[in-house]
Each structure stands twice: as structure tokens, then as C-alpha cells.
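One line per chain: the protein sequences are A and B, in this order.
Residue numbering for the first sequence follows our numbering, starting at 1 and increasing by one per position.
Residue numbering for the second sequence follows our numbering, starting at 1001 and increasing by one per position.
Accuracy of the hints is not assured; some may be wrong.
[To be verified] With a straight-line Cα cutoff of 27 Å, these simulated DSSO-like cross-link-like pairs (lysine-lysine) come out:
#1 B/LYS1040 <-> A/LYS229
#2 A/LYS15 <-> B/LYS1040
#3 A/LYS194 <-> B/LYS1040
#4 B/LYS1103 <-> A/LYS11
#5 A/LYS15 <-> A/LYS52
#6 A/LYS52 <-> A/LYS197
#7 B/LYS1040 <-> A/LYS153
#8 A/LYS52 <-> B/LYS1040
#9 A/LYS201 <-> A/LYS87
#10 A/LYS197 <-> A/LYS153
#11 A/LYS194 <-> A/LYS52
#12 A/LYS229 <-> A/LYS113
#13 A/LYS11 <-> B/LYS1040
#14 A/LYS113 <-> A/LYS52
#15 A/LYS87 <-> A/LYS113
#16 A/LYS201 <-> A/LYS52
#17 A/LYS194 <-> A/LYS153
#18 B/LYS1040 <-> B/LYS1103
Don't read these hints as lab results, they were simulated from the structure.
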Amino acid sequence: MSTPRLVEVRKNVLKQNDVIARALRDRFRHDGVFVVSLVSSPGAGKTAFLEKTLTLLRERYRVAALVGDLATENDAQRLARSQAPVKQITTGTLCHLEAAMVQGALEGWDTGKLDFLFIENVGNLVCPSSYDLGENLRLVLMSVTEGEDKPLKYPTIFNSADVAVITKMDLAVAVEFNEAAALANIQAVRPGMKVFKVSAKSGQGMEEYLNYLAACRAELNAAEQVESKS
Amino acid sequence: MHELSIVMSIVEMAEEEARQRDARIAAVHLRLGLLSGVVKDALLSCYGMACAGTPLEGSELRIEEVPVEIFCAVCQAPRMLSSTQWFCCPECGTPSAAVVHGKELEVCALEIEE
């Protein structure tokens, strides 16, 4: 047998996911819906934060959520208390959401009738970082109870996200949370990253964060209008 | 652990190339960025399993790790980071989130036997 010959190929391994994510992003832009995804470790407070977000935003906007969970439908049931439409994506043993799962979950939904769509990923700070879901904004959450060095332990996920949210601020004093250290660690792995400090329980910081989401959505829609006119 | 599904995509991709070229694949070369979110050792450990029963059985996975490179706005140059925990220019210390390299997850070459 001849000696092997080296052939250059250059193929993105996640191309299939990226193609679907791009199609989703185009659809969302066309429909004028702003899509926010949430990633964090298990127990960082994604569901409580999302429930509060949906409840408050529902007063002014049309909102809905998709929620990824390994096995249960508990999160969807909790989120349904916000009265917003919620759909569960049960991933089985899969540790992250992929664009195709989002696409499948949206079947039968008219995203043109939404202003905001939230996608809660499976609780995991490793695997979700590689998968684009077509979202406009990715939030990475860390709670005050987890330790200030979370960003240093998981730099990849912080780098893949756009905004950091520190949750459970109502417990900060009780757990002696070192806010300055946490903020410095976030900036070390993602210089310039915007950070919100919130408590879904007390409502602290929620207004500022929701105003930011509204501003991001307005900015994107304005850009879309300019583009569709030209 | 999402490496198995990633390895299976790699195998499928290489199988398709092998079919098109009517050749046997001896090795797959992968470029893996340190910010790709994928672990080298985990890929290597499931590669053999993913290849079993496919035309790639017995082939090798060769992984080239790609370090993180940022663009420094002050130096106006790309700079290699020595740690993913400190996104600052190693020359002048300016923080930068402009990642130039390090997110790669691509099959870059195949060793084929025709």
C-alpha cells in the first residue's frame, strides 16, 4: 500500500448546528423577536430569575420561554406560574441544548407574535458554550453562593456569553460574598463584560436589567428597519 | 460530556470524504482551540469507539491544540495568551476581549490511502 497522502479539508465540526442557528437568527430578526439564552451551573437560580423576568416583562411585552432540562418538567411548571407560554425541552441525558432542539420546540409557535423569547439551557457551565442557539444575547449567571472564582474556573463559558448576571444578591451578606473579587474575575476572563447584580427574590437590580433588555431589543429592531429599507 | 457527539460528527464527516474519494482514511487532523469548550483527552478517548464498524476503524485522530490569541488595540497586533484566565496583552497589559484564535473546532486535513 502507498504511504498516506495528506489532503487539506477545513471543515467546521459544528457546521450543522451553526447552519441551523443562523437560520433561527434570521427568522428571529424577521419576526422582530429578541432572543435571550441563559446558561449557568445547576442551582444558580436560572429558573427563579427567568420566572421573575417573565412576570415583570409580561406587563409590557409579549414573552415566551423554552426551558431545557435533563429529565423533569418541574422548571416548565414553575415558569408557567408567570402566565407566559412555556415549553419544555427534555434532553434526556444530553448535557446541553443544540440549535435543532430549539427549532423543533418552536414548531407550531408563531414567533412573529412575540417580543421576547427566552431559552433556559441545561444547568452546565461546560458543554453549552460550544453551541450557538441563534440567540441575540447570551447571559451567564453565577450566584453569590457559588464562590467568586467561578469565572476563572469556567473561562470558556464566560467568554462565549455577552452579559454576566450575579444572582441571589439578597444572600450576599450572609455568605460574605466578595463582590469586588467576583467582578475582577469576570473582567479577567472577559474584559468589558456587562454585569448585572440581581435578586429574583427581592427584585433588586431587576429594573436595570429589564431596561437593558428593552434597549437591546429596540437597537436590534432599529438596525433591522434600516437594513430592510436599504 | 458532549465530546462523543462531536467525535461522531467528525467520523461522519471523514466517512463522507472517504466515500467521495473512494479512499481509506488513515488519520484525521483536527484543530482544537483552547476556547472551543471541547476537551482533547475526551475526544481521543471516544474516537476509537466512534470509529468501530465504520470505514474509519483503525484510523487515528491527531489533534493540534490552538492557543488563544487576542487582538491588542494598543499594540495593534495579535498577541498569544499564556492563560485563558487572564485576557490581557502579554506585552502592554491592556485588557482585550477580541479573540482572534482559540475557538477552532475544525477538521483541517485527512491522511488518505488511495
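Any hints this thing doesn't respect? Which numbers, in order? Hint check: 1, 3, 5 and 8 fail, others pass.
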